[in-house]
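Top line first, the protein sequences correspond to chains A and B. Letter 133 of the first sequence, counting from 1, is numbered 119 in this note's numbering, and no numbers are missing. For any residue, its number in this note's numbering is found by taking its place in the second sequence, counting from 1, and adding 21.
Some clues are possibly wrong.
Pairwise CB distance ranges (calculated) [what the hints assert, rightly or not]:
id: 1; chain 1: A; residue 1: Ile22; chain 2: B; residue 2: Leu88; range: 43 to 51 Å
id: 2; chain 1: A; residue 1: Asn9; chain 2: B; residue 2: Ser136; range: 44 to 52 Å
id: 3; chain 1: B; residue 1: Gly95; chain 2: A; residue 2: Phe178; range: 24 to 32 Å
id: 4; chain 1: B; residue 1: Ser142; chain 2: A; residue 2: His156; range: 39 to 47 Å
id: 5; chain 1: B; residue 1: Arg109; chain 2: A; residue 2: Ile202; range: 51 to 59 Å
id: 6; chain 1: B; residue 1: Thr80; chain 2: A; residue 2: Pro43; range: 32 to 40 Å
Simulated crosslink set (EDC-like; lysine to aspartate or glutamate; CA at most 20 Å straight-line) [unchecked claim]:
id: 7; chain 1: A; residue 1: Lys14; chain 2: B; residue 2: Glu29
id: 8; chain 1: B; residue 1: Lys47; chain 2: B; residue 2: Glu133
id: 9; chain 1: A; residue 1: Lys97; chain 2: B; residue 2: Asp40
id: 10; chain 1: A; residue 1: Lys14; chain 2: B; residue 2: Glu39
id: 11; chain 1: A; residue 1: Lys98; chain 2: B; residue 2: Glu39
id: 12; chain 1: B; residue 1: Lys47; chain 2: A; residue 2: Asp96
id: 13; chain 1: B; residue 1: Lys42; chain 2: A; residue 2: Asp96
id: 14; chain 1: B; residue 1: Lys46; chain 2: A; residue 2: Asp96
id: 15; chain 1: A; residue 1: Lys208; chain 2: B; residue 2: Glu107
id: 16; chain 1: A; residue 1: Lys98; chain 2: B; residue 2: Asp38
id: 17; chain 1: A; residue 1: Lys217; chain 2: B; residue 2: Glu107
Not everything, but these chain B residues come out facing chain A in the computed CB check (under 7 Å) [as the list claims (entries may be wrong)]:
id: 18; residue: Ala34
id: 19; residue: Gly41
id: 20; residue: Thr52
id: 21; residue: Gly66
id: 22; residue: Ile67
id: 23; residue: Lys71
id: 24; residue: Val74
id: 25; residue: Lys83
id: 26; residue: Gly85
id: 27; residue: Leu88
id: 28; residue: Val108
id: 29; residue: Ile115
id: 30; residue: Tyr119
id: 31; residue: His138
These are calculated hints, taken from the structure and not from any lab test. Quantities reported herein were computed from a predicted structural model and do not represent experimental measurements. C-beta atoms are modelled at their ideal positions from N, C-alpha and C, and glycine is treated no differently.
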Amino acid sequence: MAGAATEIDSAQAWGGGWRSPFNVSYGKLMMWFFLISDGLTFGGLLTALGFAKFANPETAGSWPMGEEVFTHIPFSHGHNPLLYVAFMTFILIVSSVTMVLAVEAGHRMDKKKVIFWMLLTVVGGLIFLFSQVWEWSTFIAGYDGDLSTWADNATLLHSPYGGEFATEMHHGHEVKVMVSQGPTLYANFFFFITGFHGFHVFTGVLFNALVLRNVIRGVYHKRGHYEMVEKVGLYWHFVDLVWVFVFTFFYLV
Amino acid sequence: MERDDIVEYSLHAHHSDEDGKKIRKKIWIVTAILSIITIIEVGVGIALPKAEVSTGLWTAIKYGYILLTLVKAGYIVMVFMHLGDEVRTLRRMILWPYAIFILYLIFICLTEASSVHNYWSSFH
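So that you can see chain B by itself, here it is in the shape it has in the complex:
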């Protein structure tokens, strides 16, 4: 039996040749951004290894790496995985619960790690 009440969302995803050109241009721009960020990370890693920099500078480099990683992750999720083009409800339903879970996990594990570290150190 033919159903006329089932919405086939996949058919809405088609686009024209002109739109395709714009989308491809965006893809190549994002490719360039991801490559440049990776080159920066590797360059800093080779030029300023942890063993040769001061503790303060290393902390800055470390958070810099994490920031650049999050920027890369953002481009991959929003552009390559098309989450930026999805409806706002879907975007939020995917990102928010994940962010809340992981931020909580990071917070609780690192707090616990620091506490365990101090406790074990007290035996020496």
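Here chain A stands alone, though its shape is the one from the complex:
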């Protein structure tokens, strides 16, 4: 058909014949593209944290030291730097491992193992989320939950670190009220970045649960491959990857 206009063929749209030069499916490539852009967002946020830390001479003096950011553990009033956050890190690494084991089982078309490992991944994600809820609530309302969040109505403006309390009576109740505050700028970055990461964990758990449901229903077994498990797996590993950096730049450095 010389001279006829050729329609663009979606199977050959990459050019260079039928095969993609990247040798991966469209869906997986697009997941990687998304992760690159999401990674740039987190990279930008953490770089902005560094800018704020080093630019302001007044802020830098009161900037919390990594190990001292969160020193509580449940059921103990002791001073335990890093332990709780290390636990959260470990949970996320383990759930990343169970995810990659689910992907491996998928490559062998072992449906039962995929279900088992994905279930553990979802449970790990939930444990992380609830751990973060406890961490945030400790920051906001104090370890004993008696720090006033309504008397001054400005909790998030206060720092999770530093600041002093005074005990006051409000309508017959004894509450702790903040009389001085730690570095507000630090608190803003802390809650925004760990919150943004926590939101990623939340959506990751949601996607994992939805894919797990499809695995149980046999959708991917009928399809002949478990690539969808691999794709949500990429997202889940990315969430773990971001936490590795958040851990370093908030809790260590």
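Given the coordinates of chain A, assemble chain B onto it according to the supplied hints.
Same frame as chain A, now just chain B:
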């Protein structure tokens, strides 16, 4: 209509039980490495807090943390996300633009931060 010219890449990803054993072994080794690195980081953080070490030692610890973080990130991306098993073109297309962007951003932001710091300090 059945298309015989669409390449289904996902079907190439299957592997046998013997390969599975090797892959699982690798996964557990990487798990051990990631756990050990995290334990080292936490141990150093508890034993040598910033307030109690000299400035020089703290600088070394700080860059040590960042180095260990990059090692962990490398294992996660290359093994858990299977980027090490993908074709070289894909690996480079993902890593290089990202690295160039972020290294530039870090450089320009920290340079600017230091300049702003000096300027503000000059008012005191």
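Status of the hints after comparison with the structure:
no., hint, verdict
1, A:Ile22 / B:Leu88: 43 to 51 Å, "violated (23 Å)"
2, A:Asn9 / B:Ser136: 44 to 52 Å, "holds (46 Å)"
3, B:Gly95 / A:Phe178: 24 to 32 Å, "holds (27 Å)"
4, B:Ser142 / A:His156: 39 to 47 Å, "holds (41 Å)"
5, B:Arg109 / A:Ile202: 51 to 59 Å, "violated (37 Å)"
6, B:Thr80 / A:Pro43: 32 to 40 Å, "violated (19 Å)"
7, A:Lys14 / B:Glu29, "holds (12 Å)"
8, B:Lys47 / B:Glu133, "violated (43 Å)"
9, A:Lys97 / B:Asp40, "holds (17 Å)"
10, A:Lys14 / B:Glu39, "violated (26 Å)"
11, A:Lys98 / B:Glu39, "holds (18 Å)"
12, B:Lys47 / A:Asp96, "holds (19 Å)"
13, B:Lys42 / A:Asp96, "holds (13 Å)"
14, B:Lys46 / A:Asp96, "holds (17 Å)"
15, A:Lys208 / B:Glu107, "violated (26 Å)"
16, A:Lys98 / B:Asp38, "holds (15 Å)"
17, A:Lys217 / B:Glu107, "holds (14 Å)"
18, Ala34, "holds (6 Å)"
19, Gly41, "holds (5 Å)"
20, Thr52, "holds (5 Å)"
21, Gly66, "holds (5 Å)"
22, Ile67, "holds (6 Å)"
23, Lys71, "holds (4 Å)"
24, Val74, "violated (11 Å)"
25, Lys83, "holds (5 Å)"
26, Gly85, "violated (10 Å)"
27, Leu88, "violated (10 Å)"
28, Val108, "holds (5 Å)"
29, Ile115, "holds (6 Å)"
30, Tyr119, "holds (6 Å)"
31, His138, "holds (5 Å)"
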